[in-house]
Amino acid sequence: MSEYSLKNTLSYRFLRQSAKDWKDFLVTFGNIGKDFNRVIKYILRLEIDANKLIEQSSRFAFDSLPITLTIVSMTAIIISMQISPELVKQGGGNFIGMMSAIVMTRELSAIMSGFAIISMIGSSFASELASMSVTDQISAMKVLRVDPVKYLIVPRVTAGFIMMPFVVILSSFVGLFFAGLVANITAGVSALNFTTSMWQGLFIKDIMVMLLKSAFFGGAIALISCSCGYSTRGGAKDVGISTTKAVVWSFLAIAFLDWIFAILFYM
Amino acid sequence: MSIIVQNLVKEFEGKKVLDDISFTVNSGETLGVVGFSGSGKSTILKLICGLLYADSGKIQTTKGDIAMTFQYSALFDFLNVFENISFPLVERPEFKGKYSKKDLERIVAENLKILGLKDIEDKYPSELSGGMQKRVSFARAIVTKPSIILYDEPTAGLDPVSSTIIEDYIVSLKNELNATCMVVTHQLSTIKRATDKIIMLYKGKIVFKGTTEEFLKAENPYAKQFIDAAIEGPMDILQED
Ligand SMILES: Nc1ncnc2c1ncn2[C@@H]1O[C@H](COP(=O)(O)OP(=O)(O)OP(=O)(O)O)[C@@H](O)[C@H]1O
Ligand SMILES: [Mg+2]
Numbered sequence: 090m091s092e093y094s095l096k097n098t099l100s101y102r103f104l105r106q107s108a109k110d111w112k113d114f115l116v117t118f119g120n121i122g123k124d125f126n127r128v129i130k131y132i133l134r135l136e137i138d139a140n141k142l143i144e145q146s147s148r149f150a151f152d153s154l155p156i157t158l159t160i161v162s163m164t165a166i167i168i169s170m171q172i173s174p175e176l177v178k179q180g181g182g183n184f185i186g187m188m189s190a191i192v193m194t195r196e197l198s199a200i201m202s203g204f205a206i207i208s209m210i211g212s213s214f215a216s217e218l219a220s221m222s223v224t225d226q227i228s229a230m231k232v233l234r235v236d237p238v239k240y241l242i243v244p245r246v247t248a249g250f251i252m253m254p255f256v257v258i259l260s261s262f263v264g265l266f267f268a269g270l271v272a273n274i275t276a277g278v279s280a281l282n283f284t285t286s287m288w289q290g291l292f293i294k295d296i297m298v299m300l301l302k303s304a305f306f307g308g309a310i311a312l313i314s315c316s317c318g319y320s321t322r323g324g325a326k327d328v329g330i331s332t333t334k335a336v337v338w339s340f341l342a343i344a345f346l347d348w349i350f351a352i353l354f355y356m
Numbered sequence: 010m011s012i013i014v015q016n017l018v019k020e021f022e023g024k025k026v027l028d029d030i031s032f033t034v035n036s037g038e039t040l041g042v043v044g045f046s047g048s049g050k051s052t053i054l055k056l057i058c059g060l061l062y063a064d065s066g067k068i069q070t071t072k073g074d075i076a077m078t079f080q081y082s083a084l085f086d087f088l089n090v091f092e093n094i095s096f097p098l099v100e101r102p103e104f105k106g107k108y109s110k111k112d113l114e115r116i117v118a119e120n121l122k123i124l125g126l127k128d129i130e131d132k133y134p135s136e137l138s139g140g141m142q143k144r145v146s147f148a149r150a151i152v153t154k155p156s157i158i159l160y161d162e163p164t165a166g167l168d169p170v171s172s173t174i175i176e177d178y179i180v181s182l183k184n185e186l187n188a189t190c191m192v193v194t195h196q197l198s199t200i201k202r203a204t205d206k207i208i209m210l211y212k213g214k215i216v217f218k219g220t221t222e223e224f225l226k227a228e229n230p231y232a233k234q235f236i237d238a239a240i241e242g243p244m245d246i247l248q249e250d
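Sequence order for the protein chains is A and B.
Per this note's numbering, the very first residue in the first sequence carries number 90; after that it's consecutive.
Per this note's numbering, the very first residue in the second sequence carries number 10; after that it's consecutive.
Hints are not guaranteed to be accurate.
To be verified - Only pairs whose alpha carbons sit at most 25 Å apart, straight line, appear in this in silico SDA-like list of lysine to any residue:
id, chain 1, residue 1, chain 2, residue 2
1, A, K123, A, I296
2, B, K110, A, E136
3, B, K183, A, K123
4, A, K109, B, E22
5, A, K141, B, E22
6, B, K154, A, K123
No lab work stands behind these hints, which were simulated from the structure alone.
In this text, all values refer to a predicted model and were calculated from it rather than measured experimentally.
Here chain A stands alone, though its shape is the one from the complex (with noise of 0.2 Å):
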C-alpha cells in the first residue's frame, strides 16, 4: 500500500519522467554519434555513390530553393525596413548596405537557410527513413548483404555538407538584394550607396567563415534527421515521433555549431 502511494506522488512521477528523458536523449546522442562514426568511415574512404550523390544533391539543394530563399528574403526584408528610415534618420544611411552585408555573411543567411532546409529536407529524409524502418525495408536491406548506412545515409549527409554552402550564399545574396531595394524604397537609399557601403561590409573571413559554417550545418541536419529517421521502430506513430525529434534536434544542434563558430572566429 504504502508503495503504492509513493508511486503516485509527483515528484516521484516527475523523476521518473526525467529519467526517462534524459535516457531518451542519451539514447537518441549515441545513435547519432554511432551513425556519424559509420559515415565518416565511408566518407573518408571516398566510397560514395555518385549517382546517388548526385540525385540527393539536387534534392537537398533545388527542392529547398524557394522555401530557404523566401525565408532569408522576407528576413532581411523586414530588419531592412526597420533599420533603414532610422539610421537614414540618424545620418547613418551610408551604412545600411554595410550592415546588411555583415549581418546576413555572420549571421542571418546560414541559420536561417538551415531553418529552411531543416523544415524541407530534414523532415522529409527522417519520414522517410522512419517508414523504411518500420516496414521492414531496412531489415531487408540488410538481409540482402547492401549496407543501408552507406546507400542511404552517406549519399544524403555528403550532399547536405556540398550543397549547403551553395544555398547558403546564394540566399546571402537575394536576401542582400532585397535589403538594398527595401532601404531604397523605404528610405531612399541610392543603389549605388548601398552597393558601396556593402563591399565594405563583405569582408573575406566572414564569407569564408560562413560558407564553412553552412557546410556544417548541411552535414549536421542531414546527419541527424537521417539517424533519427534509421533508428525508428514500432509504427505510424514513431515515424511522427522521430521527425520531430529529428527537427528539434537539428534545430538545437545548428544553434550550437552557430555558437561553436562564433566562438572559434570571433573572440
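Starting from the known structure of chain A, fit chain B with the ligands onto it as the hints suggest.
Structure of chain B with the ligands alone, referenced to chain A:
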C-alpha cells in the same frame, strides 16, 4: 547447408520471448514454425539471418547466402519492380558491375515468370496488389541463389490460388537450390504442402517438434488445438503475462 540452433534465448525488455529453443534443419528440408501471434516466430528468423542478436545460445549456419522474406513484403517503395529484384545484384559490393543491363533484364523476367508474373517491371510496389508484392519480394530475396531461405508468413492474407502458387514455389525452389528453408505460417495448407517438419512455439518454448505428418495426426494436444482451431486446450489464447 543446414541450420543448427541450440539453447537459444532472446529477451525483449526483460521478457523472455524465446526460452531455450533448439532445433536443426538439414539442407533440402523445410521446417515450418507455427504458434500464436507474439510467440516469437519472426524473432527466430531475425536471429538466424543476423538482424537480431541472441542473449544466449548458439546458431550455426553453413556458408552461403541467407535470404529472408518479410511478413509485409518490405519492397523498397522508391524503386520499381525491376530495380527491386535486381537490387542485390546491382548494389552488393561483390556484384558491382558484374551484370550487364541485359543480364539483369533476363534474370528479373525469369524470376517473375516462375512466380506467375510478367510485364510489371516498370510498376512501383504501391501499384501492385498485396499478393503480387509478396511474390516480387520472393523474387528479390532469391535472386542471389541463397542456400538458406527464411519465409515469414509467405501466404498470409492471400487467396487460396495465390497461396498454392507460392507453396509450390517454395517446394520447387528448395529442390532446385537444395536449400535449407524455414517457413513461418498460420495456414494449414502451407504446412501441408510446403513443410517437412514442424516446430510449434508457445510462451517462448517449443511445445511440439516432429514431422509434418506427425503434426497433422494431432496426437500432440498443442498440435490438436492448433489444427482444430479450438479455444479449449493446453494453450490459453488470452495470454496474460
Ligand atoms: N524489437 C523489439 N522490441 C521489443 N519487443 C519486441 C521486438 N520484436 C518483437 N518483440 C516482442 O516479441 C514478441 C514476439 O514477436 P514476434 O514478432 O517474433 O512474434 P510472431 O510470433 O512473429 O507474431 P506474429 O504471428 O504476430 O507475426 C512480441 O511480444 C513482440 O512484442
Ligand atoms: Mg511475425
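Which numbered conditions among the earlier hints are violated in the structure presented, ordered from lowest to highest? 1, 3, 5, 6
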